[in-house]
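Number of protein chains: 2
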Amino acid sequence: MANSKVGGPEIERLIQLLSKLPGLGPRSARRAALHLIKKKDQLLVPLAEAMGVAVDKIGVCTTCGTVDTSDPCAICSDPRRDQTMLVVVEDVADLWALERAAALNARYHVLGGNLSPLDGIGPDDLNIAGLIERCHGGDISEVILAINATVEGQTTAHYITDQLAGLDVSVTRLAHGVPVGGELDYLDEGTLTQALKARTRF
Amino acid sequence: MANSKVGGPEIERLIQLLSKLPGLGPRSARRAALHLIKKKDQLLVPLAEAMGVAVDKIGVCTTCGTVDTSDPCAICSDPRRDQTMLVVVEDVADLWALERAAALNARYHVLGGNLSPLDGIGPDDLNIAGLIERCHGGDISEVILAINATVEGQTTAHYITDQLAGLDVSVTRLAHGVPVGGELDYLDEGTLTQALKARTRF
Numbered sequence: 001m002a003n004s005k006v007g008g009p010e011i012e013r014l015i016q017l018l019s020k021l022p023g024l025g026p027r028s029a030r031r032a033a034l035h036l037i038k039k040k041d042q043l044l045v046p047l048a049e050a051m052g053v054a055v056d057k058i059g060v061c062t063t064c065g066t067v068d069t070s071d072p073c074a075i076c077s078d079p080r081r082d083q084t085m086l087v088v089v090e091d092v093a094d095l096w097a098l099e100r101a102a103a104l105n106a107r108y109h110v111l112g113g114n115l116s117p118l119d120g121i122g123p124d125d126l127n128i129a130g131l132i133e134r135c136h137g138g139d140i141s142e143v144i145l146a147i148n149a150t151v152e153g154q155t156t157a158h159y160i161t162d163q164l165a166g167l168d169v170s171v172t173r174l175a176h177g178v179p180v181g182g183e184l185d186y187l188d189e190g191t192l193t194q195a196l197k198a199r200t201r202f
Numbered sequence: 001m002a003n004s005k006v007g008g009p010e011i012e013r014l015i016q017l018l019s020k021l022p023g024l025g026p027r028s029a030r031r032a033a034l035h036l037i038k039k040k041d042q043l044l045v046p047l048a049e050a051m052g053v054a055v056d057k058i059g060v061c062t063t064c065g066t067v068d069t070s071d072p073c074a075i076c077s078d079p080r081r082d083q084t085m086l087v088v089v090e091d092v093a094d095l096w097a098l099e100r101a102a103a104l105n106a107r108y109h110v111l112g113g114n115l116s117p118l119d120g121i122g123p124d125d126l127n128i129a130g131l132i133e134r135c136h137g138g139d140i141s142e143v144i145l146a147i148n149a150t151v152e153g154q155t156t157a158h159y160i161t162d163q164l165a166g167l168d169v170s171v172t173r174l175a176h177g178v179p180v181g182g183e184l185d186y187l188d189e190g191t192l193t194q195a196l197k198a199r200t201r202f
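Same order as they appear, the protein sequences are chains A and B. Each residue of the first sequence is one higher than the last, beginning at 1 in the UniProt record's numbering. Each residue of the second sequence is one higher than the last, beginning at 1 in the UniProt record's numbering.
Here chain A stands alone, though its shape is the one from the complex (with noise of 0.2 Å):
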């Protein structure tokens, strides 16, 4: 309807341009926006900036493929890291993760999504290539596939350690169980398997 485009078409754009992002809907994305336009210096002018600055610096590390302002990403680049460790993940979101966790000092592999026949999406699609090279350096003594637990998440951790297999790398894989705080009941009958097969002394 024609009395819908209120503010004008830079409102407008604006509020359609939110809207694509992840966990914002249409009347999320007007909520936003008007948000935005009511705090204009406290945080609007701030965020243009920082989405400048984001356009002008942020890449993709060639080494392992996440996104930094540095390439090599401050991860590859630092000394401290664990060399002889990789962890290979699906996602940058994942790595951050991890990351959070700070439960080891090791660099990653960005792989960049997983395997996925139906979707199309075949090796060559993803960052295995970089992966095999990195293995072929010698430096790395284990690769930990901490892949998302679904169908297409294991075909890519199966097809990885095949294509890693003669190389003296082992490939390990994140443990099966109840997360911390889980409560049993909530659970799914194959998550309640794994922690069952996979008991610990107390």
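Please keep in mind that the hints were generated in silico from the structure rather than gathered at the bench. Treat the hints with caution; some may be incorrect.
Treat identical chains as interchangeable: a pair holds within one or across any two.
Using 27 Å as the maximum straight-line C-alpha spacing, the simulated DSSO-like pairs for lysine-lysine come out as follows [to be verified]:
#	residue 1	residue 2
1	Lys57	Lys197
2	Lys197	Lys40
3	Lys20	Lys38
4	Lys57	Lys20
5	Lys197	Lys38
6	Lys39	Lys197
Add chain B to chain A, keeping to what the hints say.
Here is chain B on its own, set in the frame of chain A:
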């Protein structure tokens, strides 16, 4: 923890600013930032530009208080709008909602909030003086109070009605009742009581 700053301070700042948007928490702000960085050309660049345009162009209409790129806004300066009717809303979001409904072709007056003595919000903190002034102009014959049906909203509505007493202006309010498509089972007793009281012939 030191490890939580992944991707450098520029990405951290983007995430931190995005998390201030309504509807986005820290977790969804990370997802949004990553999405923006991945869709640099399709989303990040245009959004940064749209925000820059918003910073430069969007302001508040000095007549009605809405946000727009022109002052007076497109609605206030539209000669096809009924000049005798004024719809009083709490917030720009309410104005947008009414415009989407496209149910009437009137002009608006945005109060910018509600009277709330507990929060220290008095008549001078709202755009009430501007409303009275517009009504004194003589063109306005009806003021429709499209104010939220909350305690503060009703306090504000009563205050405005008092202020307009003596002027040749009829003050009306939105009808209470069952929302279209609403299920009686989910409605509160107050709404049902009002809907029964105001029942109409079928």
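- Item | Non-conforming hints, listed in increasing numerical order | 1, 2, 5, 6
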